[in-house]
Amino acid sequence: MSIITRSPFLFRINTGSCNGCDVELATTAMIPRYDVERLGCRYTGSPKHADILLVTGPITARSKPYLIEVLDELPRPFVVVAIGTCPTSCGIFRDSYSIEGPLDKYVEVDVNVPGCPPRPQAIIDGVAKALEIWKRKIRDFK
Amino acid sequence: MSAEIIHFLIFPGGLFALVLGIFMLSLERIVVARLQGRVGPPIYQNFIDVIKLFNKEILVPKDSKEIVFMYAPVLGFAALIAMLYFIPLPGVYEGAGNNSDLIILIYVMALPAISHILGGSASSSPYAAIAVNRELKLMLVYEVVFVIIAFSIALYVGKGSAVLSLKDIMNYQLNNSPLILDWKFWPAIVAFVIFVLATMEFPPFQVAHHNDADVMDGFLIEHSSIPLAIYEMTDALKIVLLSIVFQIFFCPCVIGGDVVVNLLFFIAKTVIFVMFFSLLHAIFASFRIDQAFKFLIIVPTTLSLITLVLVILSIKGLI
Ligand code: SF4
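These protein sequence lines are chains P and Z, in that order.
In this text, residue positions in the first sequence follow my numbering: the first is 1, and each later residue adds one.
In this text, residue positions in the second sequence follow my numbering: the first is 143, and each later residue adds one.
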């Protein structure tokens, strides 16, 4: 059981972020020094492969149906990580007419990574915390 | 009888090739990561991935053709397992004693791509439809390249009449010198390298698969759990099969007559083969599909035709 938790697949969804958080997420995948692959993670292109969902951005009215669709497609059990201030509290977009966030209206958020944008180290730390939670969820799911 | 079952299920085919291939895929990820200045996953990473995928929930899309969607991955996997039983391993295994296995090889090399096409098109996803279209276009060209390379080698070994037995091709090179040292085959070797990049879909041919910016996960987008794990294992078998084919075609060197030493030598050659392709993986960016198609139809096809012409000239005694 503990062996399969060393192979999480990550899927990221942008729900109207300003792209700051997405750039920081990209650095964890492909530039030197910050590397989530050493934790065994792999970025996938499909929510159906994913174990950990990374959400950036406040939920805008346009992106809300897609977020709900992606949450529907994830195989259970999965972990949700909110990257940046936006999904947690809508950040600087709070009270705008087009914002339907925050994220925890739609799904239980397991890890919050605060910052605007958060540093890559903080994101990797968030993923490491998500792995612990995923391990516990698998145990409870059986 | 029982020896044949062991050959099919455990030793050169089956379990051995699967384990070796999965390690090679992990090694590929590590080498790419190191070349990019990262740490990379542990060497057993792809094993855990496959084990994990077997433990996940199977999701089937509502509009898919369920039978094709679920069983298409098995087609490619079964084809490669069967081929690893037919094909000889230099100095280690004789092959299944067939005297036209080159033809079977040419057919079977297309089957993993066909299983991708079937699985992707049965999944009813528009992303998969685009990826299937691209895979089909690439396949039409790289199969031709492979056929031309195989045909020129068969002609050269038979001195004008095509030799379709891989064992004979291997023995010819063991008795004479390996074809990798023959300048006439150098264009074909470059073409073969491009063929491997295209059929494994490493960059620059990463147009139909793992191309997140463009088609997400391509034809694999709707697959999860066991079908996805079978696709991963098919990739593992494919890299081993390609390494064996490269060695039979161009350098079936062996050390002495000892099976164990030859096996270790074969594994060492496979490791070098995979590391070379990881290097290419790390240094190339991705083509667009039209660029990839044009490149494939011009460069490797021309290179393999050059080898074919040189071989015909040398058979006629002109060079
Ligand atoms: S948290 Fe900051 S950087 Fe991230 S998406 Fe929101 S505004 Fe942009």
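Some clues are possibly wrong.
Stated by the list, open to error - Mimicking SDA-like on lysine to any residue, the simulated pairs with C-alpha atoms at most 20 Å apart in a straight line are: (1) P/129 / P/19; (2) Z/198 / P/5; (3) Z/301 / Z/282; (4) P/137 / Z/301; (5) P/135 / Z/199.
What the hints assert, rightly or not - Some chain Z residues judged to face chain P by a derived CB distance under 10 Å, without partners named: (6) 357; (7) 364; (8) 366; (9) 428; (10) 429; (11) 454; (12) 458.
As the list claims (entries may be wrong) - Far from chain Z, by Cβ distances over 12 Å, these chain P residues were calculated: (13) 33; (14) 68; (15) 102.
Simulated from the structure, these hints should not be mistaken for laboratory data.
Quick reminder that beta carbons are idealized off the backbone N, C-alpha and C, glycines included.
Right, here's what the structure says about each hint:
1. In summary, the hint linking residue 129 of chain P to residue 19 of chain P is not supported, as the alpha carbons are separated by about 24 Å, beyond the 20 Å threshold.
2. With a CA separation close to 12 Å, the supplied pair residue 198 of chain Z and residue 5 of chain P stays within the 20 Å bound.
3. Between residue 301 of chain Z and residue 282 of chain Z the CA atoms are separated by roughly 29 Å; this puts the pair beyond 20 Å, and the hint is violated.
4. As the CA atoms of residue 137 of chain P and residue 301 of chain Z are separated by approximately 66 Å, the hinted pair breaks the 20 Å bound.
5. With a CA separation close to 16 Å, the supplied pair residue 135 of chain P and residue 199 of chain Z stays within the 20 Å bound.
6. Of the supplied interface hints, the one on residue 357 of chain Z holds, with its beta-carbon coming within about 8 Å of a beta-carbon of chain P, less than 10 Å.
7. Here the hint on residue 364 of chain Z is kept, as its CB sits about 6 Å from the closest CB of chain P, short of 10 Å.
8. Interface hint status for residue 366 of chain Z: upheld, as the beta-carbon distance to the closest one in chain P is roughly 4 Å, under 10 Å.
9. At a threshold of 10 Å, the smallest CB-CB gap from residue 428 of chain Z to chain P is about 13 Å, leaving the interface hint violated.
10. Violation of the interface hint for residue 429 of chain Z is found here, the shortest Cβ-Cβ separation to chain P being roughly 18 Å, above the 10 Å cut-off.
11. The criterion of a C-beta within 10 Å of any C-beta in chain P is not met by residue 454 of chain Z, whose closest approach is roughly 45 Å, and the hint is violated.
12. A hinted interface residue such as residue 458 of chain Z counts as satisfied when its beta carbon comes closer than 10 Å to some beta carbon of chain P; here the least separation is about 52 Å, so the hint is violated.
13. At the 12 Å boundary, the C-beta of residue 33 of chain P falls inside the reach of chain Z, the nearest C-beta of that chain being 7 Å off.
14. The claim that residue 68 of chain P lies off the interface holds: its Cβ sits roughly 16 Å from the closest Cβ of chain Z, which is beyond the 12 Å cut-off.
15. With a minimum CB-CB distance of about 26 Å to chain Z, residue 102 of chain P clears the 12 Å threshold, and the non-interface call stands.
Hints 1, 3, 4, 9, 10, 11, 12 and 13 from the earlier list are contradicted by this structure; the remaining hints agree with it.
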